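Novice: Required output: the full structure, derived from the provided sequences and hints.
Number of protein chains: 4
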Amino acid sequence: MNTVYSIVDSIRYEGPQSSNRLAYRWYDAQRVVLGKPLVEWLRPAACYWHNFCWAGQDPFALGGNLFERPWFSGEPLAAAQMKLDAAFDFFQRLNMPFWCFHDRDVAPEGTTLRESNAYLDAVLERAALKMQDSGVQLLWGTANLFSHGRYMGGAATNPDPEVFAYAAAQVKHVLEWTQRLNGANYVLWGGREGYETLLNTRLAAELDHYGRFLAAVVEHKHKIGFKGTLLIEPKPQEPTKHQYDYDSATVYGFLKRYGLEGEVKVNLEVNHATLAGHSFEHEVATAAALGILGSIDANRGDEQLGWDTDQFPNNHVALVPAMLEIIRYGGLGAGGMNFDAKVRRQSIEPTDQLEGHIGGLDTLARAFLCAAALHESGELDRAVDERYSGWSGELGRHIEAGASLDDLASRVHQLGLSPQPRSGRQERLENLVNRYI
Amino acid sequence: MNTVYSIVDSIRYEGPQSSNRLAYRWYDAQRVVLGKPLVEWLRPAACYWHNFCWAGQDPFALGGNLFERPWFSGEPLAAAQMKLDAAFDFFQRLNMPFWCFHDRDVAPEGTTLRESNAYLDAVLERAALKMQDSGVQLLWGTANLFSHGRYMGGAATNPDPEVFAYAAAQVKHVLEWTQRLNGANYVLWGGREGYETLLNTRLAAELDHYGRFLAAVVEHKHKIGFKGTLLIEPKPQEPTKHQYDYDSATVYGFLKRYGLEGEVKVNLEVNHATLAGHSFEHEVATAAALGILGSIDANRGDEQLGWDTDQFPNNHVALVPAMLEIIRYGGLGAGGMNFDAKVRRQSIEPTDQLEGHIGGLDTLARAFLCAAALHESGELDRAVDERYSGWSGELGRHIEAGASLDDLASRVHQLGLSPQPRSGRQERLENLVNRYI
Amino acid sequence: MNTVYSIVDSIRYEGPQSSNRLAYRWYDAQRVVLGKPLVEWLRPAACYWHNFCWAGQDPFALGGNLFERPWFSGEPLAAAQMKLDAAFDFFQRLNMPFWCFHDRDVAPEGTTLRESNAYLDAVLERAALKMQDSGVQLLWGTANLFSHGRYMGGAATNPDPEVFAYAAAQVKHVLEWTQRLNGANYVLWGGREGYETLLNTRLAAELDHYGRFLAAVVEHKHKIGFKGTLLIEPKPQEPTKHQYDYDSATVYGFLKRYGLEGEVKVNLEVNHATLAGHSFEHEVATAAALGILGSIDANRGDEQLGWDTDQFPNNHVALVPAMLEIIRYGGLGAGGMNFDAKVRRQSIEPTDQLEGHIGGLDTLARAFLCAAALHESGELDRAVDERYSGWSGELGRHIEAGASLDDLASRVHQLGLSPQPRSGRQERLENLVNRYI
Amino acid sequence: MNTVYSIVDSIRYEGPQSSNRLAYRWYDAQRVVLGKPLVEWLRPAACYWHNFCWAGQDPFALGGNLFERPWFSGEPLAAAQMKLDAAFDFFQRLNMPFWCFHDRDVAPEGTTLRESNAYLDAVLERAALKMQDSGVQLLWGTANLFSHGRYMGGAATNPDPEVFAYAAAQVKHVLEWTQRLNGANYVLWGGREGYETLLNTRLAAELDHYGRFLAAVVEHKHKIGFKGTLLIEPKPQEPTKHQYDYDSATVYGFLKRYGLEGEVKVNLEVNHATLAGHSFEHEVATAAALGILGSIDANRGDEQLGWDTDQFPNNHVALVPAMLEIIRYGGLGAGGMNFDAKVRRQSIEPTDQLEGHIGGLDTLARAFLCAAALHESGELDRAVDERYSGWSGELGRHIEAGASLDDLASRVHQLGLSPQPRSGRQERLENLVNRYI
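Chains as they are written, first to last, in the working numbering: chain W, 221 to 657; chain U, 221 to 657; chain C, 221 to 657; chain E, 221 to 657.
Where hints are given, some of them may not hold.
[Unchecked claim] Derived lysine to aspartate or glutamate pairs resembling EDC-like cross-links, with alpha carbons at most 16 Å apart:
id, chain 1, residue 1, chain 2, residue 2
1, W, Lys476, U, Glu523
2, C, Lys443, E, Asp627
3, C, Lys443, E, Asp626
4, W, Lys461, C, Glu483
5, E, Lys461, U, Glu523
6, U, Lys476, U, Asp428
7, W, Lys476, W, Asp522
8, E, Lys476, C, Glu481
9, W, Lys443, U, Asp627
10, E, Lys461, U, Asp522
11, E, Lys443, C, Asp627
12, U, Lys461, E, Glu523
13, U, Lys476, W, Asp229
The hints are simulated quantities; they were obtained by calculation from the structure and are not laboratory data. As the structure is a prediction and not an experimental result, all values here were calculated from the model.
Specialist: Pasting the structure below:
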């Protein structure tokens, strides 16, 4: 099954001057930056679904399959094993340290959950060996609770409690496999946890059910002793009209409502942020401020398109602010940067997938290096410290300690306070950042 | 000062067949609907700022003043009193039961806060008499913490703690006046509580300062014994790039973070909802589900424009779903429906303002009547009950009581659960709603 | 094959008071309005693709088939004939006077174009009989130049001229069939005539090729004597990043560039208008002003979603302005109103499709009746005439006759012209429209 | 009047390693690139309005003046002359080779047009001397036909023909001054040529009036012998709901309709492109393909905000594709790149304006240098040539020569054409571009 990529050996770092399109120009994995190898900051991953399951169908069902893969036909379990071989060959060629999967990506769905689990067991047993042989590690696993018809109206938030039960059983199995494969995280993406129309929806009840579901997952994690991080992946809409995990701030409120804010973090996707009307750095900064920043789905959207295009990142300048937030947060911990990205539909050659990942990983690396240099200089931090310096003074400390309106009004009147505006220096800071790019 | 509207007497209800453009066709204030007069469901208000302060400047500073009002020139305090007369004349002609104001709408800003307060006192003393004479009540008061240059970088979230103190002092004064005028609510709109660029912003510290500010307002409310509701008004951006009160779900998380969710509700504006990427009914339903629905700023945006156009509502069909959520919530309590709406810039005649409010109030009334009839029929509720009926069964109750993943997985396997999708009936329900329109 | 809808007889008009969900409440086909039966104004059509080809797949490939139709399996040609029976049964039950199709909707694709044509011939021969028996007429036919892999990079604008040739051959066959079936129009939808990235695109050359393609279609139309109208269907993006037929104004410029503005009109879709950043009434008014208004694809988008949701219209108020433009234009001529609309994915019962069409057609009828009454009153037209009355005066006529800058400057100076703004009366006119709703 | 910027001397090029925030790092004006000095490719300009007229008011009228400039008070004509001095001091400090103005930016409006003209004459007489002394040239002049109340409903498209006449007289005067100042172009921005609501608008008549107005300007240009280029500046909305000059393609159709496509080109603004739903490179490529690319308004919008933020460009990667289109077009001819950009409202220090322009010009220069290197390599062009190579073959030439549907269908059938998809190589080309960045 190495035929499709057999033209290339492993992709290696060759430096910015290289014109080899099958080499990294910026991703120098072992280069030490801010005290750690670059690979430990980025912890990059390739995903299973876009690379090995998607057949190039058009979004919007306006075009059929374009990609020919040998495992798209034949006996399902044998095809799944063939797909697994191709996937690990791909990960290794890219020197990608991590991978990610949904249960239904790696193994076929059976006619009963028991049969589906057996299929999954068969493929993941072999995946465990592949991981051991190759050294590729699992960034996260997840259960697909959105493709099958039973989930059309939600999984945890389905109007039918049998669907809740089925989803719970499915998550149990994948969570346990994620533990067994030493997954660093387990992700819950609520692509159907939302509504199509409020007319047929009990919003409050669905939120409660979703909270209960998540609590059950947390309980099970502790019961089995899984050490990884549980992650919710926010997305505002698509496939449903509205999803409950709209963005970081919404997920935070949800976690607080159900007392889970210490147990669950977020997996933030660039394109999901922009669909929610936010910059990616906003989502990262918000999650960091709220203490729930977990992991990253690295990709980019299209500024003119209103859906999740899942393109590879290719503009490092645009990613520097988010990288800076990650550095300030101390890195992603158990999280990483998974390429939830796919080649464009017209990119029908297998090598296009390699080049997509190479360009994407170089973009992440270059953005990180810029942000690290900026951070190391301290120039930006000094400017911000200066701007907020008043909060280190007596009045600032007094306010933070809980001053009352009466007290503050007295001060204003007695001291004749008349605060004067000072420039926010936005252009200066933007130029400063560009000096490190 | 009655000259501008002197052509009309008070606006009265004449019924749907009336072709009098200075009459209500749907707003029959005393008509009893679902057990209460319509006016008690809607509690409509006219606002001060759009009607008496805005001079028809172009947004985007591309066009100058167009509206000529006698109070736009002259000695500031005398002009403010003239404006007050015109405002109450206007409220009375419309038979509008409520009004709303910012401190800087009704009285000029002085060179010190003490002087500003004195101006405000002078005008509001007279407003109190006007209210007594006319019977017009105060839906809410608020402090303008966004227009003056000192607030350019935020009020509670300013990098300078002196600005926090100044804002606190200003809110104290307006909150106390709101109490004295028997205001039903006090609103905080955080139009500058956000950022222009993350490059110069300490997000986490600003959130904490904002939380502290709000806590101080809550404490002062209790200290002075104000019985009204404190309301935050969510808006995603505009005037800043990002505001911390983005939408209902974000405000809920913020309130939970600072332990204020039992103290503060939201004032939801239609156009703010749509700018945040939500339908208005979504914001209403979300706030209702989270228990923080407080009041409404009634207007509409333009579907093609990306800013807050604050137009009068004119499509009752579009408002029926939100009205239905309000009815299910039991009404707005102390809240109401304030026309945060302005005539278009080319509508330079004073009568245009009357007609804007008449059309807007008729639209609210008509939407409410449709929603009430639909609610009374029970047809929609029965369809939703049927859809969720499984949650009243044994499995549903078991799950809600806290079933574990292990337990649910056992059930799935033992009972061979294989839940079957059932139609969500969206088109049928949409047609059903249209039967009541 | 009547099993799926066998529970219902033909759908009939029962009037606004009817609570029968399988009856029309507003669509009274033979009611004479403005001198013509309603059916002749609307000329409604049901489409083949959404109703009989779509299997309920999720957009975004996040969910599989949900709809079970007997013709989704089995020998392809026999299945196509079974599908045809179901389609005409559906059209007749709805009393839908028109239908629309793509070649690949009605018949399978063969391994060569000759074989595909033979399949199409076989099914359309039978369709001709069905049309004769049922009285259902063809609003338009079209060739699917977007689903097959050969079209992934465009049809007329493909980088490979062989694809252009293949598309030309395909259009020839469908255009001739459209003529034979007495189709009132022939549609070209350029879903792949655009680009994914400018990096690999020769924009000017592709425009020229597209112009040449369209000219060849025009020439062929005249050669074979087809009397129907050729229509281009604008859409801004989706499935490609950018499509050349962005909106009405863009198509007009394109037609002018290639000298085809007298030969081709536009088929305007509501949801395509909104994706292009326009109101639907804007697109209709623009096409009318430019003389290229041809036909309508009736549906609605979702204001919060950035893709083509193709929902059934359900808000008649929103459609009144567009209906008014159509009335002023004198109706759509050979055009009609095709429901390019599909039920939501969770609406898995066949009856949902009937109810979608019933609600949609009632919405169109109700909107048209409101617009007709408004038009008949003359109230709106009088207001607009008054606003522009200056253009009937001497100065207006002088300007329209071609006055020079020098001449006009002299007048301004000599007459001391100082034009005064007059209210645009937007709120008054909005209220006026609501009196007819 | 040099006080505000007196801390700095002229801004000079110091190279990428410079950390001097008052120096250019990339804009090396005389560096020869692709055969011309960089300054001749870019022809950068500073504008009058954002820098010297805007007082830091908030868009949306939510905040008052923040910038203190000595010319904001005092006798109007004297203040205007003081402003002129400051402006030329600014241009010279920046070594900016060009400037741009509206008539009402440089001189006050009088009570009659005659008086306004006299004010303008007084200031522009002095500006002519300033230009001579400084060497700063005029990229373009324009008349402000949008700020004064008389234009609230349009200038050329006003319902009142007196407004049309007034606008014509105003344009005559500014066009003649532009000629006298050797302006390279004259711009028409139709910020009020559009509508707020179709309800009160005669769309077709307004388009005709606008066409007539533009024709009169063309005639006057030829009459007086002005050699510069006439430019229309597309913008989709803002300040009106819809403007007739929506985007490049719309303007092209408008010019064709009125036979003016050989006389008028477009001035494309980055932020106007994005508001219209296009990438900037799309607008540039479209105008180039249609032969109407004239000049550029260089700025950037905010991806999350729905209005014209007019920020300084700061991401050179994002501008490379547009620069590449400009290079392929052979440069902008008489056009240039005007900074229609303003500092953020909190940037209240005069030096912020300098830094905004420095960062902006460096961004343009850096983007141009990247694009030039990519262009010079020929790598991208070769890939595109290869993709379209079929159009140089027999079939391609035959099609371009006008092959009929019959002819092409015969070829398909006889040759058994079955075109095979080939990869569009998007990721490879994106990576290729990044090699030059």
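Novice: Now tell me, hint by hint, if it's right for this structure.
Specialist: Now the hints, each set against the structure:
1. W:Lys476 to U:Glu523: Measuring from Cα to Cα gives roughly 34 Å; hence the hint is violated.
2. C:Lys443 to E:Asp627: Since the Cα atoms of Lys443 of chain C and Asp627 of chain E sit roughly 13 Å apart, the hinted pair holds (cutoff 16 Å).
3. C:Lys443 to E:Asp626: 10 Å, holds
4. W:Lys461 to C:Glu483: 40 Å, violated
5. E:Lys461 to U:Glu523: 10 Å, holds
6. U:Lys476 to U:Asp428: 12 Å, holds
7. W:Lys476 to W:Asp522: Measuring from Cα to Cα gives roughly 33 Å; hence the hint is violated.
8. E:Lys476 to C:Glu481: The given pair, whose Cα atoms are some 11 Å apart, holds under the 16 Å limit.
9. W:Lys443 to U:Asp627: 13 Å, holds
10. E:Lys461 to U:Asp522: Cα-Cα ~8 Å, so holds.
11. E:Lys443 to C:Asp627: Roughly 13 Å between the alpha carbons, so the hint for Lys443 of chain E and Asp627 of chain C holds.
12. U:Lys461 to E:Glu523: Holds: Lys461 of chain U and Glu523 of chain E sit about 10 Å apart, inside 16 Å.
13. U:Lys476 to W:Asp229: 53 Å, violated
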